[in-house]
Amino acid sequence: MRTRKLSTAVIWRRVTGFAVLFLTLVAHIGVAHAQMDAYSIQVAVADRSDAELQNANLIGMRSVLLANSGDKTLLNRDDVRAGLDQADTYVASFRYDTPAPGTVISPNTPVTDSVRQTGKATQIILIQFDRELINELIRPSADSEPEPESEGEPEEVFDPFSNVTSALVWLIVEDGDSQMLISASNGQNVMERAREIAGGSGLSLSFPAGDLTDVQAVSSDDIRTASIDKVSAAATRYAQPLTLAAHLSRTRTGKWEGVWLKVAAGQQLNQASVSQNLDEELQKGIAWLISDSPETIAPQDNFQTNLSANTSSTEGLVWVSPLSSTQSYAQVMSFLTSIDGVSVAYPKEILDGGVVFAILPRSAVPSISNAASSYNWIRQSATPSSANESQFAGAISAAFEYLR
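Okay, so the sequence shown: first residue is 1 according to our numbering, each after it adds one.
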């Protein structure tokens with residue numbers, strides 16, 4: 001498990017699309033030493049005020065509900081939303097903790113709105129929710145069942161998710177240790193591919209600017225826990241009637257998992273899916289944006305970004321080493337995507353000794369070699385022994401050395 005140290009002298013550095021968010025802590029902060037179970041959660045708070053406590057209860061309860069239910073659409077139910085509005089009534093106990101300097105905290109620890117906005121935290125609060133009350137809320141109640149239709153002419157119900165022609169896309173892609181918000185400043189290849197998929201169905205997609213305001217507005221945890229308030233608030237600056245938010249992450253087996261949320265007119269729908277590659281997951285999500293069925297648009301065979309151990313017939317693998325900073329990584333990505341003939345470039349595997357990049361199509365690999373010869377900061381080399389650590393070592397088409 002990755003961990004990070006938080007203290008008065010250390011900054012928490014979160015990389016999202018290689019934009020860096022610094023959280024400066026005003027007091028020592030760390031992990032509360034207590035027994036944890038599926039009904040307990042730790043939340044970083046700015047202070048011990050009632051407002052912070054209420055916000056921590058809400059954020060913590062969302063995560064606990066999803067952790068104890070297999071229903072990814074649980075938070076859509078009216079009775080569950082009503083329960084979240086009174087999150088404090090589901091709390092069995094809570095405790096604040098100010099750990100000693102140097103104590104480590106998991107990067108998955110949720111934070112309150114104040115901590116995310118100001119970058120300041122002073123405490124970790126351990127919240128224990130009432131097991132029986134949480135399980136009772138998770139179980140569908142009679143009140144949550146749909147009421148039978150009344151006699152007479154049924155009223156037409158407005159569906160904000162029908163006849164979709166445009167949408168704002170809030171897309172976070174996580175691959176290993178890297179996490180990127182696809183925006184005007186990052187992930188151009190993914191953004192263009194998403195627009196290409198949507199364009200085939202007459203759908204226009206827009207993306208956020210990717211500035212500090214956007215980076216702070218919505219986190220991957222907000223999308224995983226279906227935080228309609230966070231997603232809706234972040235989307236207001238772009239004035240789009242419908243927002244599609246997604247967190248896509250590559251698993252250890254090479255597959256891609258997607259958690260999708262679409263929000264319109266105060267309503268939301270959720271879905272989760274698993275695909276063989278990133279492109280297939282994009283196609284599923286965009287198809288679901290247009291229709292409730294993720295199978296509306298079948299994956300296109302002419303565009304594959306296979307992430308299994310066996311490389312696909314259309315992608316080429318390039319090794320670049322050493323890349324010791326986000327700046328060097330960004331420079332290499334910019335170089336690869338700028339080359340004529342390269343339609344897509346993305347990191348396939350990140351190791352201590354270097355990075356394996358996937359290039360589409362494979363026929364563009366020689367163009368990369370030719371382009372590298374005109375720069376003094378990158379040069380083609382023999383495949384180094386450090387590349388043998390890669391699970392794709394046998395499929396690497398070319399190797400390059402980063403000289404800065």
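Some clues are possibly wrong.
To be verified - FRET-style restraints, in silico, Cβ to Cβ:
{"hint": "1", "residue 1": "P366", "residue 2": "D97", "range": "30 to 40 Å"}
{"hint": "2", "residue 1": "P366", "residue 2": "R252", "range": "29 to 39 Å"}
{"hint": "3", "residue 1": "Q54", "residue 2": "N376", "range": "50 to 60 Å"}
{"hint": "4", "residue 1": "R48", "residue 2": "D79", "range": "24 to 34 Å"}
Just so you know, these hints were derived from the structure itself, not from any lab.
The C-beta atom is built at its ideal place from N, Cα and C for all residues, glycine as well.
Comparing the hints with the structure gives:
1. Under the hint 30 to 40 Å, the C-beta atoms of P366 and D97, about 58 Å apart, miss the expected range.
2. The hinted window of 29 to 39 Å between P366 and R252 holds, with their beta carbons roughly 32 Å apart.
3. Distance hint for Q54 and N376: a CB-CB separation of about 57 Å, consistent with the stated range 50 to 60 Å.
4. Separated by about 31 Å at the C-beta atoms, R48 and D79 satisfy the suggested range of 24 to 34 Å.
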